[in-house]
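Residue numbers (UniProt numbering): 1 to 981.
Be careful, since some hints might not be right.
Stated by the list, open to error - Simulated restraints, written as ranges between beta carbons of each label pair:
1. Lys390 / Leu237: 16 to 24 Å
2. Arg192 / Lys936: 40 to 48 Å
3. Ser271 / Asn417: 42 to 50 Å
4. Glu50 / Leu460: 48 to 56 Å
Unchecked claim - Quick list of in silico lysine-lysine cross-link-like pairs, DSS-like style, CA-CA up to 25 Å:
5. Lys314 / Lys415
6. Lys384 / Lys221
7. Lys514 / Lys462
8. Lys936 / Lys745
9. Lys386 / Lys455
10. Lys390 / Lys462
11. Lys936 / Lys904
12. Lys745 / Lys606
13. Lys455 / Lys221
14. Lys792 / Lys848
15. Lys327 / Lys514
16. Lys514 / Lys470
17. Lys816 / Lys792
18. Lys447 / Lys470
19. Lys63 / Lys166
20. Lys429 / Lys444
21. Lys390 / Lys444
22. Lys187 / Lys205
23. Lys447 / Lys462
24. Lys866 / Lys904
25. Lys390 / Lys455
26. Lys514 / Lys447
27. Lys877 / Lys792
28. Lys606 / Lys429
29. Lys794 / Lys745
30. Lys877 / Lys816
31. Lys470 / Lys386
32. Lys747 / Lys606
33. Lys904 / Lys944
Since the hints were derived computationally from the structure, they do not count as laboratory data.
Positions of the beta carbon are idealized from the N, C-alpha and C atoms, including for glycine.
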Amino acid sequence: MAQLQHPSVLDQEGVGVQWQRFLDFNNDLADPHKSFNDFLDVVGLKTLEEHLDHLEELCSNLKEETGNFSRLWCQLLTQAATFEDIQVIWKTESDRSLEAHISQLACLQRFPRLFRDFDPDHEQRIKILGAFTSQEAEALLVSTEPTFDQGSEAAQRQRFLDLQPKLVNPEESFEDFLDIVGLETVKEHLDRLENLCKTLTGVEKSQFGRLWSRLINRQMKFDVAISGLRLGSDQSLQAHISQLAFSQQHPSISRDLYTTHEQRVESLDSSTSQAAEALFLPNSKSETLPDEIVAEGYDQTYLNAEDIVIPTLKTLQDCAAAWRPAKYLAPYTSLIAPALNGKTRLLKELSRHTCVVYMCIRPEQSSGWPPRSEWACSILIDMKRKSLEKQYERFFLAILHTVASFFDTLDELPKINRMEQWIDHSFPKKDRIGDPPFWLAVQKEMKNLPRRPEKESHALLKEALERMRKSTSFLGPTHLNLLLAIDEASQLFHSSKTSDESTFFRTFRHMLTKIPTASGVFAILADTTSQLSKFNPPTHLDSSHRLGKSGRKLFDPIYQFPTFDALVSAPPTTWQQLQSALRLLHYGSPFFGAYVNIAEKKQTVKGTVQDLIHVALEKLLGLVDTSIDPSSLTESQAIALLGCTIQPQLYGASHLNARLVASHSAQCMQIDPLRELLISEYPSQITFSSAANQYLALDESRLIRCIEILTFSCRQGHLGPEDVGALVSRIILSRAMQETMERNKPKPGGEQDPEEVVMPYGYPVRLVDFLQTLTGLSRNELELGSITAPNKKKLLDEGQLFWNHFVGIKDTPTSKDFLCQLHRGAAVHCQSNRYGFDLLFPIYLLPKGQTRLNEKRITFCGVQVKNKLHPDFRSHKWTSSSAKIHLNESNPYLVLFFTLRDPKKDLIPIPRNDKLSITDSQRQASLAFYSLHSLKFLSEGLRKALGDLMDAYPSISALHLTSPTHIKAYVQRWFGLLFPS
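With the sequences and hints as input, model every part of the structure.
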């Protein structure tokens, strides 16, 4: 053996062993001795040994003879072979992680000195492998380094792959992670992962990558990984690692739920992601609700079918007609709506017009209605079979033949009777145990299907489609004969235990691509807890998208089916009807009204109200166990609670809006054609607002936590600075209503008239009681400005308030509008500078002994908010006439003014204004609040939280009030440039 360098420093025997290993892979180099010495000189013996370990492992994984591998390896290093040649020969094109590993090894061996100063990505490494000298390679890196955006998606992708070289499906894992959390969070996660790797002593980066990959792949238990990382008993660091691993495995759960270290470890040690997620899975149906009532609701008469079902059917027919493999990725769409909005019931009603093959693939541990389609789940969610493509194809063929056989037997019946029998045959029924008969028939058909060669599959599919279309020809001319409908479809995003391939969804979608044009078949996927980006991602986030396929797209999701308020009946005519919980529960989601209609015969009204309020809270929080610590409330939970009470408007937060629709009962209001923007909102729905108000009122720390999260959202730019003052005033007024309701609860009765049962934190209170809460003053101490004594007496004697949430309006309200707001217990916030008022809520003047509602008894309270010091008082603008609010009668009204930054603690009427007309001055009662400290009912904790919210947009100069003089001078220099004198 030739003389090697460093004989006095390195263990000669160890060097000799590594030299022989090096020679095994590099014997065809021009001067292997020099190459070995040069490499050893730069990287040292330990790194050299690890490098050779990687080469041996690579050779083994590629299943290459050592001699063949050695020749190709040397050809790559000497440029006799290009990297593309290696890709073809070693068949690595489909494994980006493996290719990145190869380029890393080759570049490190060829240019070891460069790796001390540069950290090139995979594409850069391929370029420098083409360089003839180290100087040329360095020039390539220097020329590309400044233009490479280290924060780009490509950079984070490469970091993700480099840190976790042994991940199963690394590309898909990165895409899914990015899709859910966004690029900035991916970068932060990888920063933490890199920092963790650097802090571990005695663990090389390559070893860390292998251990971490095995933990994420569920190939290693958490305790074993901790031992491998040599952490000992450091509990804090172990908790940090469990959080990092859990957030990567389950980003949605990690973001939306508070988890303990023990919960995360149990999840990480689960054998499948499905089993792990089941640990955090609430029952899709509350334990509170009896099964028989929920199930019976699915059989009630469907209302407004012409406005809901028929437009949806037309959309699906148009989609089926438009399906072209060259234009679309697959013939399917998704149904987007929050829980309780009637997605499943809509699918059933569609089956009166076309053949809907319905299957519910909810998790095995999940209860609720409709029940799980057991046999269909065993085919679609097959955890044991490695390749499912053929199984899915046979499943689809069996469905087509079974549908054809069923309708062939009903040849003489009218269409309406055939479809009724189809629904009875294929959909779940409340008294039926097990799968519907249809699935038993499909199971039998699938067993009897002959096994045919692959080349005959197209002909078999064509034959089955023709048979199905012929048997459903009674539907008339249509582009949609059969609709595959999968409920609780998020289960498709799992993969089998044995699969190294893609998720069930990708296999299912690939199967759909084989459906020919004009076949009469389309698919729809529905799920409460899946975000839009899962089923209908933007093209650049769809990992199935490839260059050259830019023309292919996905069908638009369906979210415009107007079931909201579908069960609202005639407006109330009496004061008692107005506040009746039985009436109010019919607003909003059809689930609540349908449940009430059935439950009236089966349980007490009070019990029904309690049950449904509990369910509403579960849906808002996305939890069955609502007894969580206030500090554990997540961003989406807090926004949901505030959304249905004060309705903050979110901007530029599509990820949060999508989460609110998926898991927290927000309504999807708009999805742009590129699916980059989703807007959600909480419309007026007193069931949800009563549940939220009760939850927030019972523990003030919950409201404080929500305000803190709202402040954080403001600082992120999700709320405009002009909105903050109005938001603060809405919170103040809502809190005042909560306290007023708490002090003036309806007296409990015995066997009450059903109409007398009211909603918790959703019943009327006297205006005078509300003002006493707001001011801390007695009735006699209330100074209400220029209003005449008779008008003041009328307002305070008769004024009643009935609202517990705010909603936005665009048009100037009239007496009729205020009465409609009163009907649903709503106050309103107005477009900025539209009416002279920021907020409005109805006041009903209820004389003693009069119970019938009359529009002439309507008046209002207008609220003006200024989030600044020393505001202008334009009280002549704060009148019904100036704001163009037309009342049927010239009733007295109330104006509240908030200027919450003023240091004064006074509580006085609004200062007089000579421009205020005599008529308005006589009718206008007014109060001005000059600071948070003038609101005596607020606790110090609430004042601080609200103060922080108001200061969510501090000026740059304010941020530097306590900075050193030289920093203040620096800031002032920039202010001078921006705001020259």
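Hint-by-hint comparison with the structure:
A C-beta distance of roughly 47 Å is found between Lys390 and Leu237, which places it outside the suggested range of 16 to 24 Å. Range check, Arg192 to Lys936: Cβ separation about 46 Å, and the 40 to 48 Å hint holds. At about 48 Å, the CB distance of Ser271 to Asn417 agrees with the hint of 42 to 50 Å. Between Glu50 and Leu460 the CB atoms are about 53 Å apart, so this pair conforms to the stated range of 48 to 56 Å.
Restraint check: the Cα-Cα separation between Lys314 and Lys415 comes to about 18 Å, which is no more than 25 Å; the hinted pair holds. The hinted pair formed by Lys384 and Lys221 meets the criterion: a straight-line CA distance of about 21 Å does not exceed 25 Å. About 10 Å separates the Cα atoms of Lys514 and Lys462, which keeps this hinted pair within 25 Å; it holds. Of the supplied pair hints, the one linking Lys936 and Lys745 holds, its CA atoms being roughly 21 Å apart against a limit of 25 Å.
About 22 Å separates the Cα atoms of Lys386 and Lys455, which keeps this hinted pair within 25 Å; it holds. Annotation: proposed proximity of Lys390 to Lys462 holds, straight-line Cα distance about 16 Å (limit 25 Å). For the suggested pair Lys936 and Lys904, the alpha carbons sit about 13 Å apart, so the restraint of at most 25 Å is met. Restraint check for Lys745 and Lys606: the C-alpha separation of about 15 Å stays at or below 25 Å, so the hint holds.
Straight-line distance between C-alpha atoms of Lys455 and Lys221 comes to about 44 Å, which puts the hinted pair past the 25 Å bound. Proximity of Lys792 to Lys848 is assessed by CA-CA distance (about 17 Å); at most 25 Å being required, the pair is judged to hold. A distance of roughly 14 Å separates the Cα atoms of Lys327 and Lys514; the hinted pair therefore holds under the 25 Å criterion. Taking the CA atoms of Lys514 and Lys470, the gap is near 20 Å; set against the 25 Å cutoff, the hint holds.
A threshold of 25 Å between alpha carbons decides the hint, and for Lys816 with Lys792 the separation of about 23 Å falls inside it, so the pair holds. Simply put, Lys447 and Lys470 have alpha-carbon atoms about 23 Å apart, close enough for the 25 Å limit, and the pair holds. At most 25 Å may separate the alpha-carbon atoms for a hinted pair to count; Lys63 and Lys166 meet this at roughly 17 Å. For the given pair, Lys429 sits about 21 Å from Lys444 by alpha-carbon distance, which is consistent with the 25 Å threshold.
Note on Lys390 and Lys444: the hinted pairing holds, with a Cα-Cα distance of about 17 Å set against a maximum of 25 Å. At roughly 18 Å between alpha-carbon atoms, Lys187 and Lys205 fall within 25 Å of each other, so this suggested pair holds. The suggested pairing of Lys447 with Lys462 holds, with an alpha-carbon distance near 20 Å, which does not exceed 25 Å. Taken as a hint, the Lys866 and Lys904 pair is honoured in the structure, with Cα atoms around 14 Å apart against an allowance of 25 Å.
A distance of roughly 13 Å separates the Cα atoms of Lys390 and Lys455; the hinted pair therefore holds under the 25 Å criterion. Pair hint Lys514 plus Lys447 holds up; C-alpha atoms about 22 Å apart against a cutoff of 25 Å. With a C-alpha separation of about 21 Å, the suggested pair Lys877 and Lys792 falls inside the 25 Å cut-off, and the hint holds. Pair hint Lys606 plus Lys429 does not hold up; C-alpha atoms about 28 Å apart against a cutoff of 25 Å.
Proximity of Lys794 to Lys745 is assessed by CA-CA distance (about 23 Å); at most 25 Å being required, the pair is judged to hold. Taken as a hint, the Lys877 and Lys816 pair is honoured in the structure, with Cα atoms around 22 Å apart against an allowance of 25 Å. For the hint pairing Lys470 with Lys386, the CA-to-CA distance comes to about 35 Å; that exceeds 25 Å, so the pair is violated. Distance check on the hinted pair: Lys747 and Lys606 sit about 14 Å apart at the alpha-carbon level, within 25 Å; holds.
About 17 Å separates the Cα atoms of Lys904 and Lys944, which keeps this hinted pair within 25 Å; it holds.
Checked against the numbered hints above, the structure violates hints 1, 13, 28 and 31; every other hint is satisfied.
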